[in-house]
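Colleague: Take the sequences, apply the hints, and build the full model.
Protein chains: 2
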Amino acid sequence: MLINELKNHIGKEVTIAGWVNVRRDHGKLIFFDLRDRSGTVQVVALPNHAEAHNVAVESRAEWVLEVKGIVNSRPEKMVNKDEVNGTIELEALEVRVCAAAKELPFEQSAELNLDTYLDYLPLTLRTPRSRAIFKVQATIITAFREFLMRHGFTEFQSPKLIGEDAEGGANTFNVEYFGTTAHLGTSPQLYKQVMVGVFERVFSTGNVYRAEKHSTSRHLNEYTSLDFEMGFITDHTDVMNMENGFLQCMAKRLRETCAAEFSLLASEIPVVPEKIPTLKLREAQKIIKAEYGVDCTEEPDLEPQHERWLCEYAAKKFDSDFIFITHYPLAKRPFYTMEDDADPGYAKGFDLLFRGVEITTGAQRIHDYDTLVAALERKGLDPQKFSFYLQAFKYGMPPHGGIGLGLERLTAKLLGLENVKEATLFPRDLNRIDILLSK
Amino acid sequence: MLINELKNHIGKEVTIAGWVNVRRDHGKLIFFDLRDRSGTVQVVALPNHAEAHNVAVESRAEWVLEVKGIVNSRPEKMVNKDEVNGTIELEALEVRVCAAAKELPFEQSAELNLDTYLDYLPLTLRTPRSRAIFKVQATIITAFREFLMRHGFTEFQSPKLIGEDAEGGANTFNVEYFGTTAHLGTSPQLYKQVMVGVFERVFSTGNVYRAEKHSTSRHLNEYTSLDFEMGFITDHTDVMNMENGFLQCMAKRLRETCAAEFSLLASEIPVVPEKIPTLKLREAQKIIKAEYGVDCTEEPDLEPQHERWLCEYAAKKFDSDFIFITHYPLAKRPFYTMEDDADPGYAKGFDLLFRGVEITTGAQRIHDYDTLVAALERKGLDPQKFSFYLQAFKYGMPPHGGIGLGLERLTAKLLGLENVKEATLFPRDLNRIDILLSK
Numbered sequence: 000m001l002i003n004e005l006k007n008h009i010g011k012e013v014t015i016a017g018w019v020n021v022r023r024d025h026g027k028l029i030f031f032d033l034r035d036r037s038g039t040v041q042v043v044a045l046p047n048h049a050e051a052h053n054v055a056v057e058s059r060a061e062w063v064l065e066v067k068g069i070v071n072s073r074p075e076k077m078v079n080k081d082e083v084n085g086t087i088e089l090e091a092l093e094v095r096v097c098a099a100a101k102e103l104p105f106e107q108s109a110e111l112n113l114d115t116y117l118d119y120l121p122l123t124l125r126t127p128r129s130r131a132i133f134k135v136q137a138t139i140i141t142a143f144r145e146f147l148m149r150h151g152f153t154e155f156q157s158p159k160l161i162g163e164d165a166e167g168g169a170n171t172f173n174v175e176y177f178g179t180t181a182h183l184g185t186s187p188q189l190y191k192q193v194m195v196g197v198f199e200r201v202f203s204t205g206n207v208y209r210a211e212k213h214s215t216s217r218h219l220n221e222y223t224s225l226d227f228e229m230g231f232i233t234d235h236t237d238v239m240n241m242e243n244g245f246l247q248c249m250a251k252r253l254r255e256t257c258a259a260e261f262s263l264l265a266s267e268i269p270v271v272p273e274k275i276p277t278l279k280l281r282e283a284q285k286i287i288k289a290e291y292g293v294d295c296t297e298e299p300d301l302e303p304q305h306e307r308w309l310c311e312y313a314a315k316k317f318d319s320d321f322i323f324i325t326h327y328p329l330a331k332r333p334f335y336t337m338e339d340d341a342d343p344g345y346a347k348g349f350d351l352l353f354r355g356v357e358i359t360t361g362a363q364r365i366h367d368y369d370t371l372v373a374a375l376e377r378k379g380l381d382p383q384k385f386s387f388y389l390q391a392f393k394y395g396m397p398p399h400g401g402i403g404l405g406l407e408r409l410t411a412k413l414l415g416l417e418n419v420k421e422a423t424l425f426p427r428d429l430n431r432i433d434i435l436l437s438k
Numbered sequence: 000m001l002i003n004e005l006k007n008h009i010g011k012e013v014t015i016a017g018w019v020n021v022r023r024d025h026g027k028l029i030f031f032d033l034r035d036r037s038g039t040v041q042v043v044a045l046p047n048h049a050e051a052h053n054v055a056v057e058s059r060a061e062w063v064l065e066v067k068g069i070v071n072s073r074p075e076k077m078v079n080k081d082e083v084n085g086t087i088e089l090e091a092l093e094v095r096v097c098a099a100a101k102e103l104p105f106e107q108s109a110e111l112n113l114d115t116y117l118d119y120l121p122l123t124l125r126t127p128r129s130r131a132i133f134k135v136q137a138t139i140i141t142a143f144r145e146f147l148m149r150h151g152f153t154e155f156q157s158p159k160l161i162g163e164d165a166e167g168g169a170n171t172f173n174v175e176y177f178g179t180t181a182h183l184g185t186s187p188q189l190y191k192q193v194m195v196g197v198f199e200r201v202f203s204t205g206n207v208y209r210a211e212k213h214s215t216s217r218h219l220n221e222y223t224s225l226d227f228e229m230g231f232i233t234d235h236t237d238v239m240n241m242e243n244g245f246l247q248c249m250a251k252r253l254r255e256t257c258a259a260e261f262s263l264l265a266s267e268i269p270v271v272p273e274k275i276p277t278l279k280l281r282e283a284q285k286i287i288k289a290e291y292g293v294d295c296t297e298e299p300d301l302e303p304q305h306e307r308w309l310c311e312y313a314a315k316k317f318d319s320d321f322i323f324i325t326h327y328p329l330a331k332r333p334f335y336t337m338e339d340d341a342d343p344g345y346a347k348g349f350d351l352l353f354r355g356v357e358i359t360t361g362a363q364r365i366h367d368y369d370t371l372v373a374a375l376e377r378k379g380l381d382p383q384k385f386s387f388y389l390q391a392f393k394y395g396m397p398p399h400g401g402i403g404l405g406l407e408r409l410t411a412k413l414l415g416l417e418n419v420k421e422a423t424l425f426p427r428d429l430n431r432i433d434i435l436l437s438k
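Line by line, the protein sequences are chains H and D. Numbering follows numbering that gives the first Met the number 0, with no gaps: position 434 of the first sequence is 433. Numbering follows numbering that gives the first Met the number 0, with no gaps: position 8 of the second sequence is 7.
These are computed hints drawn from the structure, not numbers from a lab. Treat the hints loosely; a few may be bogus.
Claimed, not checked - In the BS3-like style, the derived pairs of lysine-lysine whose C-alpha atoms are separated by at most 25 Å in a straight line are:
| no. | chain 1 | residue 1 | chain 2 | residue 2 |
| --- | --- | --- | --- | --- |
| 1 | H | Lys251 | H | Lys288 |
| 2 | H | Lys6 | H | Lys134 |
| 3 | H | Lys315 | H | Lys279 |
| 4 | H | Lys384 | D | Lys384 |
| 5 | D | Lys384 | H | Lys101 |
| 6 | H | Lys251 | H | Lys315 |
To be verified - Chain D stretches covered by chain H per the calculated footprint, using a threshold of three residues with CB under 8 Å from any CB of chain H:
| no. | region |
| --- | --- |
| 7 | 58-70 |
| 8 | 220-227 |
| 9 | 362-376 |
Backbone N, C-alpha and C fix where the C-beta goes; we use that ideal spot for every residue, glycine too.
Modeller: What follows is the structure in structure tokens.
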């Protein structure tokens, strides 16, 4: 039986199994909290059930036990209304050890620095805090897929091993591939555009790789990218509306299933506006100048501080945790980005800022073959190296666009985590793949 | 409007958009089939709508068009009951070119050899056959996730960049990683066991890598692995039952949503028995000897021909496309496999055979720390290299087990495809990453 079902079985004999969370030895009475995937309950071992009592005396934190017992209402003065099972306890009749555990290197409730936390992930991921983070993360990715499937999108499996490092932009990792060098994909971008030709609306969820040497609180060398791409759009605003819809769906689902997790992390599930406010980059820069006294109007992009200011402004002015910034200079965007004919030199693209950082980049893409070849050449790229990808455009592609969204960064910002590594199960960086590389 | 909605709008003016599938020029009358993600419809351009007619004259296969027109019932003698929209056609009033296409290198309906098919994937993936294959694939992976979530499993994102090539079994790809060498994961196995300590029941769906040099019809160098792992099991049969349940759920969903796709591929959705028949390896080998006259009773594993025979036998004897083979010699299974105390030297593990090939390997795993360290040593592996993973066991792990299932191989066998590359969107092999590597 799962622990969260116990309160419907008061007075009954039941069997549960899980990990010892906390153990308190009150001489003859031994109390311990047992944890399974559904929750936690207090177990009491009395001396009159001698065998059960003996095992309880011996057991320690993280031991795995199976407990047969009777569900009792707690005495009035022992009731804890703030706990899920605060009105009941389980009186142990039989206790079986499924697995003992060695002595823990620190208390489960200890505050750890990030490096110690990462050194002991198989243990530290078991804390309520970590479990809350990764339950929220699983909920986000499920909402992403379900929302898109409801809107006619088809999932596809994008390859991660790529041939030519054709774009040459972000640093890519090299892979020894049967005597040649392959690379790890930095994004499923080119494949999802190809797939628009097949299914019109597609999405993928998978790992991407950036061989960036800096180790900051918001960069990862391997992360999960949520990507969608849709055909037959009017312009980039169709893509923004689809993302807006996903975020509303996600927030609704988080409210339904993860309220306790947000409460534990002391963070708020955002209210996603019907229509997320939108500014052109140049408008945003003028606002920064007027509101914060810093002139960045000549810059082609936003600095982290500018992003924080704009989010502060959006919260104050529009009561929104989200703000779209559109129309970055075309020169700063990837080759496949569509120019806005009504605003020459600027892209039909956008970033989405949320609680101080950019969480999404999206755009309408070029769909005309000749325009795309010219765009490659203008960036100094060799169309020959893109011949496979270019076939999609040679043989008819509709207007289309899409977004990429980093799952870990979104999880971190939603939950107010300082470092994106806390929202990554097994983070890889310059110094660490599970264990420190220098070890 | 989507094309599959047209038949509810007979006599009405509508606008659709899609690709020209087939075009037939009957002098003054131009017919073409327009294809979108929902289906196909015949469009007729009459000379009295001159502008629309002119565009129709000019257009060719794979041009992307937006067509405004009137939905008409077809004349009695033109009705084709076998087509979804066989009773209607769209009379074009206005036709707008979203994108022209260059002349195709071959007819869309041409039979291609595998290499040509792969050379032109951005085009060849658009055929009804390819679209059917990858719609089925998307349905399988969705069924996998939904079934497991309904049974209390939590999704997790498994890393693919791994440090030490600790197991040293299957060939792994090397990655240059900031001055050291990392590897591409051959399976999420060790991580999903760690995650059993966190969420008890977990699953992941993602790419895995095998640097195998042979290029056969059933091997891939990059494929999608569907993995689950569950805690608090009695033995490996709990894992087999869970997989059995998933397969039933998958088959049900395929019958509901992919009947047309199976019909197109001339394959049958399997009936999954309530309880898939099970044989121990030694029993299976005796049956092979008795039924097929080949003595393999001394061998530690099954050859491909043996797997085909056993599937033939299961179909005949048990009326099942599936058969579990259990109790392989422990020496042939990975170090973490649990031995069956009741059958010493043999594993509490299984393969699942389906239509002639193995599609799953699963087992109960060792959960006791000391037993696991001894098992590593017995295989000549260095426990020190597994120290991160071993923490999970040091700090309490319940009895657990799980499976790994190759998505592409399952798709191929379900649809009766000869080569697993046909069930892989962008297959990577010894000679090819999108384009031939020798080019």
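Colleague: Indicate, hint by hint, whether the structure satisfies it.
Modeller: Here is what the structure says about each hint:
Of the supplied pair hints, the one linking Lys251/H and Lys288/H is violated, its CA atoms being roughly 36 Å apart against a limit of 25 Å. Of the supplied pair hints, the one linking Lys6/H and Lys134/H holds, its CA atoms being roughly 23 Å apart against a limit of 25 Å. A distance of roughly 18 Å separates the Cα atoms of Lys315/H and Lys279/H; the hinted pair therefore holds under the 25 Å criterion. Pair hint Lys384/H plus Lys384/D does not hold up; C-alpha atoms about 41 Å apart against a cutoff of 25 Å.
The straight-line distance between the Cα atoms of Lys384/D and Lys101/H is roughly 19 Å, inside the 25 Å bound, and the hint therefore holds. Under the criterion of a C-alpha separation no larger than 25 Å, the hint pairing Lys251/H with Lys315/H is consistent with the structure, at around 23 Å. Given a C-beta distance limit of less than 8 Å, the hint that chain H covers the region 58-70 of chain D holds, as 3 residues qualify and 3 suffice. A stretch counts as covered by a chain when three or more of its residues have a beta carbon under 8 Å from one of that chain; for the region 220-227 of chain D and chain H the count is 3, and the coverage holds.
Note: the region 362-376 of chain D has 3 residues with beta-carbon separation from chain H under 8 Å; the three-residue rule is met and the coverage holds.
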